[in-house]
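Number of protein chains: 2
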Amino acid sequence: MSKKSAPKGAKKPDSRREYREKELYKMRHSCEHVLTQAMLKLWPKIKMAMGPATEDGFYFDFDPSPAGSGQALKISEADFPRIEAEMAKIVKDNLPIRKKILTLAEGRKLFKDNAYKQEWLDAIKQKKQKPTVYWTGKEFVDLCAGPHVKSTGEIGAFKLLSIAGAYWHGSEKNKMLTRIYGTCFATQKKLEAYILQQQEAEKRDHRKLGKNLDLFVFADIVGKGLPMLTPKGTVIRKELEKFVLEEETKRGYQHVITPHLAKVELYEKSGHYPYYKDIMYPAMQIDEEKLILRPMTCPHHFMLYKSRPRSYKELPVRFAEIASQFRYEKSGELSGLTRVRLFCLADAHIMCAKEQAKDEIKNVLNLIDYANSVFGLKKGINYRYRLSLGDRKDAKKYYKDDEAWNVAENILRQVLKEIKAPFYEAKGEAAFYGPKIDIQMKKVNGQEETAFTVQYDFVMPKRFELAYTDKEGKEKEVVVIHRSSIGCFERTMAFLIEFYAGAFPVWLSPVQVWVIPVSQKHFNYSKKITKSLSDLGIRAEARNEDDTLGKKIRTGELQKIPYLLIVGDRELKAKTVAVRQRKKGDLGAMKLDDFISKIKKEINQKK
Amino acid sequence: MSKKSAPKGAKKPDSRREYREKELYKMRHSCEHVLTQAMLKLWPKIKMAMGPATEDGFYFDFDPSPAGSGQALKISEADFPRIEAEMAKIVKDNLPIRKKILTLAEGRKLFKDNAYKQEWLDAIKQKKQKPTVYWTGKEFVDLCAGPHVKSTGEIGAFKLLSIAGAYWHGSEKNKMLTRIYGTCFATQKKLEAYILQQQEAEKRDHRKLGKNLDLFVFADIVGKGLPMLTPKGTVIRKELEKFVLEEETKRGYQHVITPHLAKVELYEKSGHYPYYKDIMYPAMQIDEEKLILRPMTCPHHFMLYKSRPRSYKELPVRFAEIASQFRYEKSGELSGLTRVRLFCLADAHIMCAKEQAKDEIKNVLNLIDYANSVFGLKKGINYRYRLSLGDRKDAKKYYKDDEAWNVAENILRQVLKEIKAPFYEAKGEAAFYGPKIDIQMKKVNGQEETAFTVQYDFVMPKRFELAYTDKEGKEKEVVVIHRSSIGCFERTMAFLIEFYAGAFPVWLSPVQVWVIPVSQKHFNYSKKITKSLSDLGIRAEARNEDDTLGKKIRTGELQKIPYLLIVGDRELKAKTVAVRQRKKGDLGAMKLDDFISKIKKEINQKK
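Just so you know, the sequences run in chain order X and G. For what it's worth, our numbering labels the leading residue of the first sequence as 330, then goes sequentially. For what it's worth, our numbering labels the leading residue of the second sequence as 330, then goes sequentially.
Isolated chain X (complex conformation) (with noise of 0.2 Å):
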């Protein structure tokens, strides 16, 4: 694509969402420039280390305590009215934002009292560029590629959210800052429902909810990034399994079981080696052998597939594994369940040919929505598709094959056209070993991540020569597509979990039902109509504590099961169990077998 061709703002929906996110962003790195000043109104002998916008506001990193300015000024979140006071005070006065392009010298000048700033010049002078800075009004300047708003007038609501200590450049090795983290919206309107959403994201945070319900534990002695999944939290990723395993059975695919682990020569011809290596974990040194973790399974299924001559009639040949791999996260961006150092993904590759893989891929993204609604997520709505193009420029990350490229392109486009699909597509994202569709989930604190691929590749064939012999006994070289069904299991455990609130629907709850007597001398029917509950493969608990039924009943809705089957004196007599439903309340008296079909009937459906 020409660089002259036109800005791509105008032109479609996807532009003008960017364009609007622009617009924003140059918004939100403006207030911090407005929080910095108002910092420095309020405390002059803080030095300003730096502050980007981001995707959900901004922060500003700053020194509390410089060499040589004395004790450390103790600034906490009892001060932000103050700042926020400050803050609103140049936006009304609507002061005008410019850019200047300085000689080196002119900066080093301007900052001479500065060393964080002194450091940003060093880099710049590194990169041979010249150091620009934007002023606001007269009053203050800061050191800044920029863009801005042309005005502080043009700010719209901010807030500020919270402070915590930042190493300078993430690096323990560095001297502690202090961070200001805000955020800044069009409207206030905008700003409300955001830190509206943030509540309800915190309230259900997958590692505070997979602590109080039990579902995962971490400890210091196993390692940082790998979660021990609990009895509880084990249900639910094995009924996720099972899930998995049954439909991929269904549509074709075969199960496969390969090792964690392989020689480096196997990553080295795969191609991967050189883009994995520092998200890998070390090798290790067996005999004569140079082992390692993998950090994705699609060589051992190469090998797999290698392992005897195909015939056309095999194809498509659909590998599918529930596979552990191994990726070095930085010990920062762990995270609960959804960055973890150790994980398990439903993995598959299909090796077809040429003229399959568009039905192929299609038939992929209908088992993603297929999951997807069985979660209750709606397209559109919890999703939309990325297509990851490559670049054709970049020869370094992409492999050069320009023809492949478009052809590739352009049967995963025809696709997402085909089955009506709402994507968006993006530069620069693909494999480097072809492009693929994302599935982008929304989370509920509103940011997307990508939850699922599917891949279409045209360069491990060549490298592993995965081959078949066609009808004219011919030998071909297969596509490769790469695709997870539902994921990670871990991170899609963690957006389940904040997804329900932890209110798993039947099918999925740890413990479907529990059983509460009225009192001790029911205890006895209640143990008996669990047992008569569990040999039908329904999770149920006799409870016995010494509470009183409000309470239990209480426990029951804050552990949310399902289901609470309360057994007194009537219920005894009438042998019946009073059912109350999670949400819906008290459903009345009913036989056991009518529960029995109720729920069996819903754990079926997926319900």
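Among the hints, erroneous ones may be present.
Intra- or inter-copy, both count: the list cannot distinguish identical chains.
[As the list claims (entries may be wrong)] Distance condition first, Cα-Cα at most 30 Å in a straight line; then the derived DSSO-like pairs of lysine-lysine: (1) K659 to K606; (2) K540 to K619; (3) K929 to K860; (4) K567 to K860.
Derived from the structure by calculation, the hints contain no laboratory data.
Please build the complex by placing chain G on the supplied structure of chain X, with the hints as guidance.
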């Protein structure tokens, strides 16, 4: 136990077995001397290096081209008749075999021409022992610790088996010697039975069947001892997993999922590290953490148990996991699925009150017996029990607490007696943290190996402070029972492949039904039948090869498919299938529904 107590030989049936085995061992060792003597007579230039008796017979390593001897001698299996004839002469001569203790100088002199023997003498010198030699008549002498039979006439029926290369001291750095394998039994009948068994075992070798039936493969670029399960192998594995998970759930186990690695600290805390570090993979430094792939699951389960307080009401807590584990096995010891470097164990740890331990162990043995019976294994025939005891005197190998050892060993002994299990006792076979019951499985080659274990552990609860609150609110220590139900999946699969000779029962068969059309025009009908079966979860394939019907049936039989359904004109017209059952042959025509009922019943009953 005092050193002066009567020799165990004459006491119990199992001791009689030990006695017999000892006699056989002596005979085999003497037979190896006879082999050496015969070889030296035929080829005086060779140098004898070493030769022990083994569980199956004996072998003899020699140097066919000692330095300065000129060209290497060519000795092959074609020479076996000559060697055996020479050996027979020595046996017939009934030469006396006599032990003599030498001084080191006498030894040096006696073997002055043999560098290998001089090396043995160096080792003897270092241990400050005196060399012993055994004379066979007056012609032959070897450096040997014995014991031997009294004269060559006591040697029973023998046979040389094979010839191979072997490094001196098993190290690639040393010279390659030649090894001759042979065996020897008390009677010709026993020898013949052994040879027949070995031939049968060879046919059933899981490595051979694994290849023929396409169950698993290896690849050099993946790594040694790291099998990849094909779709067919994976079906068997997943069926086994499902069986274990369901059976354990029924029996009150809770499943958990813990990471395949942890910080080295975890294994230092458990005390495993010094015992296991040589068979563990190298540690990996990640930031400030030293991570290592786990060689066992227990410490992870203990950390999960400790993740919250536990009450007596919850006990026993039974954590089960299908757990990946990593152990460094020497490359020379790797073999198919039997010895691998990454395996998956049907593992569990039961945390219970001391007074619950006995019942829990009984329950575990019951589960193991049940699983074995499902596989068709018979107690006392296919497997027996070994009570593996500690050694009070070996404080380095066994945790020092005589009282605790006594209690634990008595509990295990009592359980075995109460369930009337066929068992024998073995000192020094315990885990370092407590005694165990080993389930000793007889393989098709006649060798016995430990398939599963149940361990009583009183050490880990102390090291990890594994406690619960009792009825009175007091904190008490639990007892841990380590157990496996069906052992390591890889090894169990290898065992079952050999046990069934590849003809898996229907529930385990990767493909349960082949639908074979008589001719091309019946292919559509066969596909319809196949779909009806697949929709019900029956693993069926429609065969469409260009072969004669007879050839197709033979292929199906070679692939050990449990049911072949033949469909031709007659079946198409009558809406039936002609059923051929593996081993039973033609069952005649059946309505499809009747066949479905039959096979579903067999699958459900795990037949």
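- Query: Checked against the structure, which of the hints given earlier come out wrong?
  - Reply: As far as the earlier hints go, not one is violated by this structure.
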